[in-house]
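Chain order of the listed sequences is Z and X. Under numbering that gives the first Met the number 0, the first residue of the first sequence carries the number 0, and numbering increases by one thereafter. Under numbering that gives the first Met the number 0, the first residue of the second sequence carries the number 0, and numbering increases by one thereafter.
Note that these hints are calculated values from the structure, not bench results. It should be emphasised that the depicted structure is a prediction, and the values quoted were computed from it without experimental measurement. C-beta: ideal position from N, C-alpha, C; glycine also. Treat the hints with care, as some may be off.
Taking beta-carbon pairs under 8 Å as the criterion, some of the chain X residues facing chain Z (in silico) [to be verified]:
1) 24
2) 28
3) 30
4) 33
5) 95
6) 96
7) 140
8) 144
9) 153
10) 161
11) 163
12) 164
Taking lysine-lysine and the DSS-like style, the derived pairs with C-alpha atoms no more than 27 Å apart in a straight line are [stated by the list, open to error]:
13) X:214 - Z:128
14) X:214 - X:1
15) Z:128 - X:143
16) Z:81 - Z:128
17) Z:125 - Z:104
18) Z:104 - Z:81
19) X:86 - Z:125
20) X:86 - Z:278
21) Z:43 - X:190
22) Z:104 - X:214
23) Z:43 - Z:104
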Amino acid sequence: MGWLQNLDRRWIYLAMLLAVAIPQLLQVRFPEQPTPLVQAVFDKVEQLPEGSRVLLSLDYGPVSAGELEPMTAALARHCCLKRHKVVFMTLWPDGKPAVESTITKIINVEFLEHQYGRDHVDLGYKAGKEVVIKTIATNLRLEFEQDNRGTPLDELPLTAGINNLEDFELLVSISAGFPGLKEWVQYASSPLGVPLAVGATAVQAPQAYPYIPGQMLGILAAIKGAAEYEVLLGNRYPAYATPTRQDAVRRMAPQFSAHLLIIALIVLGNLSALWQRWKGPNP
Amino acid sequence: MKQTIPWLIAALAGGVVIAAFFIPAAQPWQDRAGQWFEVLAGFAFVLGGANLFVMNLRKIAAQGPGWGYAAVTLVSFVVTLGVGLWKVGVAPRDGRTAWQGGYLDEGSALWWLFEYAYNPLVATMFALLAFYVASAAFRAFRLKNTEASLLLATAFIVLLGRTYAGAALTSFVPPEYSALTIPGMTALIMKVVNTAGQRAIMIGIALGVAATSLKVLLGINRSYLGSGD
């Protein structure tokens, strides 16, 4: 046990590297059981009438893309499969590429019949954080006169009839911090009563629980939430049960081994401390 | 005067937002205040950029320890700003008019910097956390007292419950006792214990924010205006 006391931290780093890399390289996949919080979001998107207007606010930057991108892709796919009209926006200055990549890599590739302006619109980024939400709650055009490409909203069939957040059937915020899910609750879903679904990082997700189910339908918490959503989507639309379209499910295997490694390290660390205490101080 | 005018602006803006909450007719005033805020938020970016430039320039001029990092920061800042403002590499949307495309269009220099420099750099920084967490778990997470033991037990349940391991380890539990499975216990911890704690914190913060805001609006707290020198 004494060797544990002096264990070089580089061995721990190596163990973590292997714990993440091996399942990733071997393409290991584990079954996922959807939880009620994810099921609630899926059911809402599924039950909305075809052509419903959904606002998808991607409030995250590249730092959290690894954790949040899969759920963005799954939600965008689901909305497109249901032929909902999706309006994208972001409250984060480095969130614009997330919106553009969702449109170019998901919608433009997998849903060729979807037309920009008719089926989806990119409003882009607007500075002002929570004030932007508060303003568009009553008047969308005070913040966004044009879309991200410079076209006036009145000239786009999708946004021509949208005046404020109450014109959406569902609001979705996928967020990694401030401004994000809390602000969408405080300034949109709570005062307006518009249904809100959220996706969040693992660190932020616990903060969302007090709002469920009154002000929030449900939550997709980190990669696990995204994996559960992908499984639900795959069960309902079998074409989406393929490994290439279930990125989060694939990422759950490294998470599995990394969590087990952390538990093992905590146990070993405590055993080592107990051994040291039992043995007494070194002479 | 230096403090009174900014306080009056703050009190007026805050008063308008409060009034709009109770009086629907005051809604346009609130929207106008919101627009002013966004203009100021836009200026904050310029101020932040100028501050970053000056601070790093001073560090380089002083040649103090770590001035090389300041130089890298400054060069990165200037290059990124330059290629973004001048839309370097942006193809015109109509094939003729220069500067017409978006500054982040695929193939532009800014897009390239974002995709191949900024993106991998921040992803790497974030991924390093996994190694530090593993090392900290081994060295710092000790069963020293009752609170630490409770925290450890909770951490084990949630760590297992957030992966397939939790479901596999307690798969023998009959469905009618699903609350006794690790995923069931994880859900219970998040829904009851976490929610109760979060609500208490949120209510406390909200009361604090309300009290502080009132002090700011009434001019009792002017610390945010600086010393006035």
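Verification of the supplied hints:
At a threshold of 8 Å, the smallest CB-CB gap from residue 24 of chain X to chain Z is about 13 Å, leaving the interface hint violated. Here the hint on residue 28 of chain X is broken, as its CB sits about 12 Å from the closest CB of chain Z, past 8 Å. Against a cut-off of 8 Å between C-beta atoms, the interface hint on residue 30 of chain X holds, since the closest Cβ of chain Z lies about 5 Å away. Look at residue 33 of chain X: its Cβ gets to within about 4 Å of chain Z, closer than 8 Å, so that hint holds up.
Because the closest C-beta pair between residue 95 of chain X and chain Z is about 16 Å apart, greater than 8 Å, the hint is violated. With 8 Å as the threshold, the beta carbon of residue 96 of chain X stays out of range of chain Z, its nearest partner Cβ sitting at about 12 Å, so the hint is violated. Given the 8 Å rule on beta carbons, the hint for residue 140 of chain X holds: about 5 Å separates it from the nearest Cβ of chain Z. The closest approach between the C-beta of residue 144 of chain X and any C-beta of chain Z is roughly 13 Å, which is over the 8 Å cut-off, so the hint fails.
Annotation: residue 153 of chain X was flagged as interfacial toward chain Z, and the flag is violated, the nearest CB pair being 12 Å apart, outside 8 Å. Interface hint at residue 161 of chain X: satisfied, since its Cβ lies 5 Å from the closest Cβ of chain Z, which is below the 8 Å cut-off. With a cut of 8 Å, the hint placing residue 163 of chain X at the interface with chain Z holds, because the nearest CB-to-CB distance is about 4 Å. Annotation: interface hint on residue 164 of chain X holds; nearest CB of chain Z at approximately 6 Å, less than 8 Å.
For the given pair, residue 214 of chain X sits about 23 Å from residue 128 of chain Z by alpha-carbon distance, which is consistent with the 27 Å threshold. For the suggested pair residue 214 of chain X and residue 1 of chain X, the alpha carbons sit about 18 Å apart, so the restraint of at most 27 Å is met. Annotation: proposed proximity of residue 128 of chain Z to residue 143 of chain X is violated, straight-line Cα distance about 42 Å (limit 27 Å). Of the pairs offered as hints, the one joining residue 81 of chain Z and residue 128 of chain Z is violated, with about 30 Å between alpha carbons and a cut-off of 27 Å exceeded.
Restraint check for residue 125 of chain Z and residue 104 of chain Z: the C-alpha separation of about 23 Å stays at or below 27 Å, so the hint holds. Between residue 104 of chain Z and residue 81 of chain Z the alpha-carbon distance is near 18 Å, which keeps this suggested pair within the 27 Å criterion. A hinted pair counts as satisfied when its Cα atoms are at most 27 Å apart, and residue 86 of chain X with residue 125 of chain Z qualifies at roughly 19 Å. Under the criterion of a C-alpha separation no larger than 27 Å, the hint pairing residue 86 of chain X with residue 278 of chain Z is inconsistent with the structure, at around 68 Å.
Taking the CA atoms of residue 43 of chain Z and residue 190 of chain X, the gap is about 21 Å. The hint holds against a cut of 27 Å. Taken as a hint, the residue 104 of chain Z and residue 214 of chain X pair is broken in the structure, with Cα atoms around 49 Å apart against an allowance of 27 Å. With a C-alpha separation of about 25 Å, the suggested pairing of residue 43 of chain Z with residue 104 of chain Z holds against the 27 Å cut-off.
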